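A.B. asks: Per the UniProt record's numbering, residue 1 is the first one in the sequence shown, and the count goes up by one each step.
Be careful, since some hints might not be right.
Claimed, not checked - Straight-line C-alpha distance at most 30 Å; calculated DSSO-like pairs for lysine-lysine:
#, residue 1, residue 2
1, K120, K65
2, K142, K194
3, K105, K22
4, K120, K105
5, K22, K192
6, K22, K139
7, K44, K22
8, K142, K123
9, K194, K144
10, K123, K102
11, K120, K139
12, K192, K142
13, K65, K172
14, K139, K39
15, K22, K180
16, K120, K142
FYI, nobody ran anything at the bench for these hints, they're computed from the structure.
Small disclaimer: the values here were computed from a predicted structure and weren't measured.
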Amino acid sequence: MKYSWTLMILFFLFLGNAQSVKLMTYNIRLDIESDGENKWSNRKEFLTSQLHFYEPDIFGVQEAKPNQVIDIAAALSQYNVIGIGRDGVNQGESSNIYYKKKRFKVVQNSTVWLSETPDKISKGWDAAFNRVCTYALFKDLKTKTSFWVFNTHLDHMGELARTNGIQLILSKIASLNTKKYPVIFMGDFNSKPKEERIISLKKEMLDTREISREKPFGPTGTFNDFKHNEPVTECIDYIFISKNSNFK
């Protein structure tokens, strides 16, 4: 059977004290019967085995339906999960953040909608669907350091929604991060590297693909649409970090 959808991005980032943090973003593809042999019930064990193998410290998922959130949590008991669905609690796709519960403490967390009314369930600008960003302030219990993680899935149709969604999240980061903690901004941006919104974002934050001490392995692309016999060249998923961070 053919299981992959959007490929994961996995990076080791190192804090100033050389303690590593393994980060991952993964669009897991929603659970939908029309996917046939690639439907969730046929690939969930493969996906969770990937997560077991790579064992990220923190990972963000996109397109996760409520049953998928539960399945992943059940298979990986060493993690806690935060985030709510784009259509409400336990409703619709979500952009959850999973984290190792023995290593990290959540100090603050929430989910906002990428729209003109981010504090309530809503669809923004020219988006086809409601879109959300889940975020949290973490404290590393090993190093006693704190940092933010923002995880999102930008709209696949609305150009304005993608551009404004990034700007909304950057504004949210600025308003929340008064103590200037390091920030990780990850997810499925539905945007290629040469698009203006990504070029502009790279002026504000650093692309971990370009600065990670341990260089990424595997294909440069992150999206294959279940086309396993074709090269994976389309990059639409990213992990960015703030310029003032001690990550390397």
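A.B. asks: Please verify whether K65 and K172 have alpha carbons no more than 30 Å apart.
C.D. replies: Answer holds: K65 to K172 is near 25 Å, not above 30 Å.
A.B. asks: Regarding the pair K44 and K22, is the alpha-carbon distance no greater than 30 Å?
C.D. replies: This hinted pair holds, its Cα atoms lying about 22 Å apart.
A.B. asks: K22 and K139: Cα distance at most 30 Å?
C.D. replies: Holds, at roughly 15 Å.
A.B. asks: Taking only the CA atoms, is the gap from K120 to K105 under or equal to 30 Å?
C.D. replies: holds (26 Å)
A.B. asks: For the pair supplied as a hint, K142 and K194, is the alpha-carbon distance within the 30 Å limit?
C.D. replies: The hint is violated at about 38 Å.
A.B. asks: Going straight from one Cα to the other, do K105 and K22 come out at no more than 30 Å?
C.D. replies: It holds: about 16 Å lies between the C-alpha atoms, which stays within 30 Å.
A.B. asks: Please verify whether K22 and K192 have alpha carbons no more than 30 Å apart.
C.D. replies: Status holds; Cα separation ~24 Å.
A.B. asks: Would the pair K194 and K144 pass a check requiring their Cα atoms to be no farther apart than 30 Å?
C.D. replies: Answer violated: K194 to K144 is near 37 Å, above 30 Å.
A.B. asks: Is the hinted pair K142 and K123 satisfied, with a Cα-Cα distance of at most 30 Å?
C.D. replies: The given pair, whose Cα atoms are some 39 Å apart, is violated under the 30 Å limit.
A.B. asks: Going straight from one Cα to the other, do K22 and K180 come out at no more than 30 Å?
C.D. replies: holds (21 Å)
A.B. asks: Within a Cα-Cα threshold of 30 Å, do K120 and K142 meet the stated pairing?
C.D. replies: Between K120 and K142 the Cα gap is close to 36 Å, so the pair fails against 30 Å, i.e. violated.
A.B. asks: With the threshold set at 30 Å, check whether the alpha-carbon distance from K123 to K102 stays at or below it.
C.D. replies: violated (36 Å)
When each numbered hint is compared with the structure, violations occur for hints 2, 8, 9, 10, 12, 14 and 16.
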